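Trainee: Starting from the given sequences, assemble the full structure and let the hints guide the process.
Numbering of the sequence shown is given in the numbering used here, commencing with residue 8 and proceeding in unit increments.
Since the hints were derived computationally from the structure, they do not count as laboratory data. Predicted, not measured: the structure shown is a model, and the values here were computed from it. Think of the CB as a built atom: it goes at the ideal place given N, C-alpha and C, for glycine as much as any other residue. Any given hint could turn out to be false.
[Unchecked claim] Label pairs and their in silico Cβ distance ranges:
id	residue 1	residue 2	range
1	89	143	23 to 31 Å
2	145	245	30 to 38 Å
3	259	226	19 to 27 Å
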Amino acid sequence: MLLRPTSWLAILAISFLLFQTACTDRPENLLRPCERCEIYLHDGLERSYVLHVPDNLPDNAPLVFFLHGYGGKAHQYAWFFQIRDWADENGFAVVVPQGTLDANRDPFWDARLTFANIDDVGFLTGLAQELQVTYNLDPEKTFTSGISNGGFMSYVLVQERPEVWKAAASLIGTMPGYSWENRDMFVPTPLLQLSLEDDETVPIDGSMDTTGGWGGAPHMDDIIEFWTELNGTTEVEVLNPNDHTVGQRYTGGPEDLDVWYYKVDGFPHDVPRKGWDGTDPFPLMWEFFSLYTD
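Mentor: As structure tokens, then:
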């Protein structure tokens, strides 16, 4: 039986009231950094992020970025999704950066959207490169992941800076319209995509409104077909980890760059997690990224 607890977005909204960070004396498109946030100066803006480096992490360890969704706050995502435990258990450094504010004062990532002109590609890429040097992390093991808008942004990162971002995982996101229109820019890259069959915010069928540059990409099945052809995969394994999830793992090809595509039914625009229906994307993401850490 599919469990439907209170939406994690609702829980986050409550926690945001308890840990409000907005402040009127900062630039209008920035949040006040949380107490545990660190600062990276980019494009004249003090951009904030939450970083966790496990104790005794060896040299040349992996670096994983986890990008919040639209309206999200980095420190709340780090807490809610227990990213410290995720990194400690698997041996990598993890970063949860903070997006800027749009006209409605909602945090977002500028995934080549038409209503913004924020250099988030430069910010995230510059931060990744600085952390690689500061903590002796492996540039060949730097990965991006994100929820919803963070998933959109992950597509943009591997499209525009593939020499830095070696694999991407998009949870309930899709490719933004700009990226699809310019898909010839993509190079073969490992991709994990988790989509929801009943998602009306980021519909799997590609019917998302093109206003603002969000929509414009086709059905996720077509995006995955494009990506498997891009990576030259030769085999596919179909998995049914539970009653609500179908996974397709495309493997093989000249460079062994996998494409994993998971579809979950019975959920709205939420991230399914362990205890809901058995689908927990965090172990899945690390299983995927770990293929490229040897």
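Trainee: Just tell me: holds or violated, for the beta carbon distance of residue 89 and residue 143 against 23 to 31 Å?
Mentor: The hint (23 to 31 Å, Cβ to Cβ) holds, given that residue 89 and residue 143 are roughly 25 Å apart.
Trainee: May I ask you to test the hint 19 to 27 Å on the CB atoms belonging to residue 259 and residue 226?
Mentor: holds, 24 Å
Trainee: State, for the Cβ atoms of residue 145 and residue 245, whether the hinted interval 30 to 38 Å holds or is violated.
Mentor: holds, 32 Å
Hint compliance for this structure: no hint is broken.
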